[in-house]
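Since the structure of chain A is provided, determine the placement of chain B on it from the hints.
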Amino acid sequence: MYRYDQFDHDFVNARVAQFREQVGRRLAGELTEDQFRPLRLQNGLYLQLHAYMLRVAVPYGTLSPAQMRMLAHIARKYDRGYGHFTTRQNIQYHWPALGDVPDILADLATVEMHAIQTSGNCVRNVTADHFAGAAADEILDPRPYAEILRQWSSLHPEFVHLPRKFKIAVTGAERDRAAVQVHDIGVHAKRGPDGEVGFAVYVGGGLGRTPMIAHKIRDYLPEEDLLSYMEAILRVYNLEGRRDNKFKARIKILVHEAGADAIRDKVEAEFERIRHSALFLPEDEVRRIEAYFALPELPNRSPVSPSLDRARAADAALDAWVRQNTVPHKVTGHVLATISLKPIGGTPGDATAEQMEVVADLAERYSAGEVRVSHEQNLVLPHVALDDLADIHAILQANDLATSNAGLVSDIICCPGLDYCSLANARSIPVAQKIAERFADLDRQRTIGELKIKISGCINACGHHHVGHIGILGVEKKGEEFYQVTLGGSGDEHTAIGEIIGRGFAADELIDAVETIIETYLVHRTDPGETFLAAYRRLGQAPFKEALYATA
Amino acid sequence: MFKAATEGQKKIVTVNRLIDGRVMFLGPGNRWVMHVTEAAVLDDGAELEAAMAFGRAEIAARQVTELYPIDVEVTPEGPVPVRLRERIRAEGPTVAYGEAERAPLTAGSR
Numbered sequence: 001m002y003r004y005d006q007f008d009h010d011f012v013n014a015r016v017a018q019f020r021e022q023v024g025r026r027l028a029g030e031l032t033e034d035q036f037r038p039l040r041l042q043n044g045l046y047l048q049l050h051a052y053m054l055r056v057a058v059p060y061g062t063l064s065p066a067q068m069r070m071l072a073h074i075a076r077k078y079d080r081g082y083g084h085f086t087t088r089q090n091i092q093y094h095w096p097a098l099g100d101v102p103d104i105l106a107d108l109a110t111v112e113m114h115a116i117q118t119s120g121n122c123v124r125n126v127t128a129d130h131f132a133g134a135a136a137d138e139i140l141d142p143r144p145y146a147e148i149l150r151q152w153s154s155l156h157p158e159f160v161h162l163p164r165k166f167k168i169a170v171t172g173a174e175r176d177r178a179a180v181q182v183h184d185i186g187v188h189a190k191r192g193p194d195g196e197v198g199f200a201v202y203v204g205g206g207l208g209r210t211p212m213i214a215h216k217i218r219d220y221l222p223e224e225d226l227l228s229y230m231e232a233i234l235r236v237y238n239l240e241g242r243r244d245n246k247f248k249a250r251i252k253i254l255v256h257e258a259g260a261d262a263i264r265d266k267v268e269a270e271f272e273r274i275r276h277s278a279l280f281l282p283e284d285e286v287r288r289i290e291a292y293f294a295l296p297e298l299p300n301r302s303p304v305s306p307s308l309d310r311a312r313a314a315d316a317a318l319d320a321w322v323r324q325n326t327v328p329h330k331v332t333g334h335v336l337a338t339i340s341l342k343p344i345g346g347t348p349g350d351a352t353a354e355q356m357e358v359v360a361d362l363a364e365r366y367s368a369g370e371v372r373v374s375h376e377q378n379l380v381l382p383h384v385a386l387d388d389l390a391d392i393h394a395i396l397q398a399n400d401l402a403t404s405n406a407g408l409v410s411d412i413i414c415c416p417g418l419d420y421c422s423l424a425n426a427r428s429i430p431v432a433q434k435i436a437e438r439f440a441d442l443d444r445q446r447t448i449g450e451l452k453i454k455i456s457g458c459i460n461a462c463g464h465h466h467v468g469h470i471g472i473l474g475v476e477k478k479g480e481e482f483y484q485v486t487l488g489g490s491g492d493e494h495t496a497i498g499e500i501i502g503r504g505f506a507a508d509e510l511i512d513a514v515e516t517i518i519e520t521y522l523v524h525r526t527d528p529g530e531t532f533l534a535a536y537r538r539l540g541q542a543p544f545k546e547a548l549y550a551t552a
Numbered sequence: 553m554f555k556a557a558t559e560g561q562k563k564i565v566t567v568n569r570l571i572d573g574r575v576m577f578l579g580p581g582n583r584w585v586m587h588v589t590e591a592a593v594l595d596d597g598a599e600l601e602a603a604m605a606f607g608r609a610e611i612a613a614r615q616v617t618e619l620y621p622i623d624v625e626v627t628p629e630g631p632v633p634v635r636l637r638e639r640i641r642a643e644g645p646t647v648a649y650g651e652a653e654r655a656p657l658t659a660g661s662r
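Going down the list, the sequences are from chains A and B. According to the numbering used here, the stretch in the first sequence is residues 1 to 552, in order. According to the numbering used here, the stretch in the second sequence is residues 553 to 662, in order.
It should be emphasised that the hints constitute simulated quantities derived from the structure, not laboratory data. Model, not experiment: these values are computed from the prediction. Glycine included, C-beta positions come from ideal geometry on N, C-alpha and C. Hints are supplied without guarantee of correctness; some may be wrong.
To be clear about the criterion: a stretch of chain A counts as covered by chain B if any three or more of its residues have a C-beta under 8 Å from a C-beta of chain B, and this derived list gives those stretches [claimed, not checked]:
| no. | stretch |
| --- | --- |
| 1 | 45 to 51 |
| 2 | 298 to 311 |
| 3 | 344 to 352 |
| 4 | 501 to 514 |
Partial chain B-side listing against chain A, Cβ under 8 Å, derived [claimed, not checked]:
| no. | residue |
| --- | --- |
| 5 | E618 |
| 6 | Y620 |
| 7 | D623 |
| 8 | E651 |
If we strip away everything but chain A, and leave its shape as in the complex, we get (with noise of 0.2 Å):
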C-alpha cells in the first residue's frame, strides 16, 4: 500500500491544523455561515438533514487494517457506532459535531486518510476498480496511477475552484468494474503492442440530471504523459466550461456542447504544449510509487482446496456464499471475497465500528493486510486463499456479515435518501430493504441470476440509477413520494443509459412492479444463461410495457 511520505505527512496535518483554526473562528463567531460554508465543504464536512455530514476518502478504495480500525473508532467515538460506505468509495459519517471535526480529521491523519477534496467544485476522491491488483483478469494495478493523479490533483492551484465537481475513475482490466465511462475523466490503463504501459481515455461522462456517456478521445496515451494529458482536459474545461448555470457546469456538457471532436483538438494543442514540462512522468518515479502497490507475497497454493471442498459439501450456506462471492486471483489457490453490506432487510453500504473491526482484523489475518471497498457498497477481501475461506465465512457469519448475494438482485447501490440527504425528493433505503425482503430466497436470487438494481432518491444520481439494470429514481409528486422506473442501463465496458418503461410508482406499488419486471424476464429469458440485462437488450421495452401497464 502507498505510505505517505514527510511531504505528505505535514501537508495533511497543516489542512488538520488550518480547519481546526477555521472551526474555532466559526464557534467563536468570526466567521458566518455563508464564510464557513465552503471551507467546511473543502474539508468534506456538509450540513444535511438532520447534522452535520464527514465524508471521509478512500482513495482508490484501498485500506490497510490500521485504517479501517480508525474508522471504526471515529464511528465509536464521535458518531453513532456506524459509518456509510458510499458509491464514490468514501465512508460517511452521519452524525459528528462541528467541534468534533477537527479532532476526527487529527485521528484520520495518524493513519493516512483525511477528508481533502471530497467535495467542492474540485477533483474528487479518485477511485478505481475495487479488485485492482488482485483480479486474475486484471491487466494492469490501475491504483499506482489512481495515487499518481491523487498527488497531482490535491490542492492543484489551478484546478479548486472548477466550473463543477470532476471525478476520476481508473481501471486496468478490460471488465469494466469502474464505471469509467460515466466519470468526468475515465483512464483505462493497458498495454501496448510491445508491452509498454498506456491508457485509453474518456471524457465528459456523469449521471446526475442529464447522464451522459463518455466519448473516448485517446485511444493510447504513453505512461510519461498521464498528467500532461489530464492537465490538459482539465483546463479546457476550466476555460470553457460554463459557470452560468449550475446544471450545465460539469464537463459532459461542455463536451455536448462543443462536440467531442473540437474537444478533443482542444485537449490535444493543449497537450502538444505542455506534454514536455514539469508534468513528464519519469519512468523511475511511476516504478517507486509502483513498488508500493506490489501484489503480496502470497504462498503457492494448489488450485483445488481438499479442505474447502469438504466444507462446502457439508455446510450449504459457506457454498452459496463461495460461489456468488468470490471471484479469481492472479494467484493460484486464492479468490478475491466480496463482503456483501447489503443485509436482507439492511441499509446498503452500512457498516456498524465493530463489524470494521472484524473486516480489519480478517484483513490482517487472511489477506495480506488489505481491505477495499468498492462502489457498490461492499468491502472486499483481495488475497485470500482457498483454504482460509470456510474459517473467514464462520466469522462474518457470526457478524452479520455473510450475505451471498454479491451480484444479484438483493445487492443493491442505493444513495442515503431522503432518510439523510437534504437534497433527497424521496426515501432510498426502505425501497432497497422492501426489494431485497421480496427477494430474500437466496434460491430465488440465483435463479435469477445478475441483476444490478441501483436507487437514487433525487435527480443527483449518487445511488447512480441510469446504469442499473432496473434503475428506480425517488421524485416528489403532489407531496408524494413516487419512483420512476429505468431498464437496460449498465455501468461497465458495454455501459448503457437505462431507458423509462412508462409512467412511475407509487410507493407502495413500486415493489409489485420491480417483481413483475423480474417475472417477465424469466418469462421471456431464453435459458438461465442469459442475463436480465442480454434479455433486455434482445426483446426490449415492449413484454415488460406490456407487463406492467396493459391491464392498467
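Below, chain B without anything else, positioned relative to chain A:
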C-alpha cells in the same frame, strides 16, 4: 424551503444547532426545543416574523444556523410538518441504523 403562504397556514420555526448540527425548533418563550411536538405554533404573520427575528439574533449570537419556517398541521399531539421531508427531518431517519439495525438482522439469520 419557503412555500407560498396559504390562508391560515400554521408555522413553526426550525434551525440546526451550530455546535453539533442537531435539528431544533423554537418553543414557547423563545426556547429551543429538540422535539417538533414541543414547537410553538405560529400564525403566518407577526408571530412568525417575531420568531424569525429571534432566530436571526440567535444566528448572530452563533448558537444556531440554517433558520427557516415550516408549514405544519396542528394535531392533538402537537404540530406535525406538512411535508414528508420536514417530518423525517424532525423525527430522524425512518430506518434503523447502527447496532439497532443489526439486532433484527441477527435475530432473523439465526
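Hints versus structure:
1. 45 to 51: holds (count 5)
2. 298 to 311: violated (count 0)
3. 344 to 352: Answer holds; 6 residues pass the 8 Å Cβ test.
4. 501 to 514: violated (count 0)
5. E618: With Cβ-Cβ at 6 Å, under 8 Å, it holds.
6. Y620: Since chain A brings no Cβ nearer than about 12 Å to Y620 (chain B), farther than 8 Å, the hint is violated.
7. D623: violated (11 Å)
8. E651: holds (6 Å)
Of the numbered hints given earlier, the model fails hints 2, 4, 6, 7; all others are met.
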